[in-house]
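K.L.:
Sequence:
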Amino acid sequence: MTNSSPTVVLVALKFAPEAQRDALRNGIARLELALGQEVFVGNPLQMTQVALDDPARHPFAVVSTGMDVRVIGMGILHVGAATDAGWPDAQGAVLLRGFLVDHRQQGQGYGSAATMAAVELARELTSALQLPAKGVVLGVSVDNRVAHDAYLRAGFAVKGRFLGGRSGPQHIMYSPFS
1 MTNSSPTVVL VALKFAPEAQ RDALRNGIAR LELALGQEVF VGNPLQMTQV ALDDPARHPF
61 AVVSTGMDVR VIGMGILHVG AATDAGWPDA QGAVLLRGFL VDHRQQGQGY GSAATMAAVE
121 LARELTSALQ LPAKGVVLGV SVDNRVAHDA YLRAGFAVKG RFLGGRSGPQ HIMYSPFS
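Residue numbering for the sequence shown is 1 to 178, as defined by the UniProt record's numbering.
Quick caveat, the hints were computed from the structure, so don't treat them as lab data. These figures come from a predicted structure and were not determined experimentally. Honestly, I wouldn't trust all of these hints.
[Stated by the list, open to error] Okay, the calculated beta carbon distance ranges per label pair:
hint, residue 1, residue 2, range
1, R145, E18, 19 to 29 Å
2, R104, D149, 40 to 50 Å
3, L52, R104, 16 to 26 Å
4, Q91, K14, 11 to 21 Å
5, P132, D54, 12 to 22 Å
6, K14, G92, 35 to 45 Å
7, A19, V158, 17 to 27 Å
8, D143, A19, 38 to 48 Å
9, A90, M67, 40 to 50 Å
10, P169, R70, 26 to 36 Å
11, A19, V142, 40 to 50 Å
12, L35, P132, 19 to 29 Å
13, G66, G168, 32 to 42 Å
14, G160, P17, 39 to 49 Å
Just so you know, even glycine gets a beta-carbon here, dropped at the ideal spot from N, CA and C.
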């Protein structure tokens with residue numbers, strides 16, 4: 001299962017052949033967070049391994065397209081867990097969590113492109129698993145303005161505020177499936 005945008009392709013690790021999955025995991029291990037971002041997102045390789053071991057979590061690699069093809073980010077689509085981000089219905093949306101773009105690739109539009117592609121990948125996953133979700137929800141720290149603005153550019157809307165995030169208060173953001 002993959003989903004593409006003009007600048008990135010998302011590759012769902014659980015659906016990738018073993019050799020490709022190993023190569024993608026190696027790329028994820030090389031991702032770097034910008035100074036201070038570790039407050040908002042965990043260790044990429046650890047998050048990936050936890051997701052691979054959990055049947056409800058579906059990790060994906062963000063791969064750049066064009067001349068320099070490489071892993072530039074990652075994320076996790078978590079089904080049945082929307083309430084973790086303060087959404088009222090666990091099954092009503094797929095939770096996007098652990099989403100990040102390598103700090104060396106930020107500011108080039110990859111984050112917005114990957115976020116839009118993640119919504120489509122979540123729609124495909126929901127259809128394949130015959131789930132009732134109607135969109136994607138995420139929580140973003142009120143202190144993480146860069147990510148907040150990127151999610152707005154990608155079509156997400158603020159739907160409330162959640163006080164239970166590990167990095168403090170969060171905006172609940174949602175994007176419906178098209």
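K.L.:
Would you mind marking each hint as holding or not holding in the structure?
P.N.:
Status of the hints after comparison with the structure:
1. At roughly 40 Å, the beta carbons of R145 and E18 sit outside the given window of 19 to 29 Å.
2. Between R104 and D149, the C-beta spacing of about 19 Å breaks the proposed range 40 to 50 Å.
3. Judged by the Cβ atoms, the range 16 to 26 Å given for L52 and R104 holds: they are separated by roughly 25 Å.
4. At roughly 20 Å, the beta-carbon separation of Q91 and K14 lies within the given 11 to 21 Å, and the hint holds.
5. A beta carbon spacing of about 20 Å between P132 and D54 agrees with the range 12 to 22 Å that was offered as a hint.
6. One distance hint, 35 to 45 Å for the beta-carbon pair K14 and G92, is violated here, with the actual separation near 22 Å.
7. In this structure the hint that A19 and V158 lie 17 to 27 Å apart at CB is violated, the actual value being about 41 Å.
8. Restraint check, D143 to A19: a C-beta distance of roughly 40 Å satisfies the suggested window 38 to 48 Å.
9. Checked against the given bound of 40 to 50 Å, the beta carbons of A90 and M67, roughly 42 Å apart, stay inside it.
10. Hint check: P169 to R70, Cβ distance near 35 Å, so the stated range 26 to 36 Å holds.
11. A C-beta distance of roughly 42 Å is found between A19 and V142, which places it inside the suggested range of 40 to 50 Å.
12. At about 40 Å, the CB distance of L35 to P132 disagrees with the hint of 19 to 29 Å.
13. Under the hint 32 to 42 Å, the C-beta atoms of G66 and G168, about 37 Å apart, fit the expected range.
14. For the pair G160 and P17, the supplied restraint of 39 to 49 Å holds, since their beta-carbon distance comes to about 40 Å.
The structure shown violates the earlier hints numbered 1, 2, 6, 7, 12.
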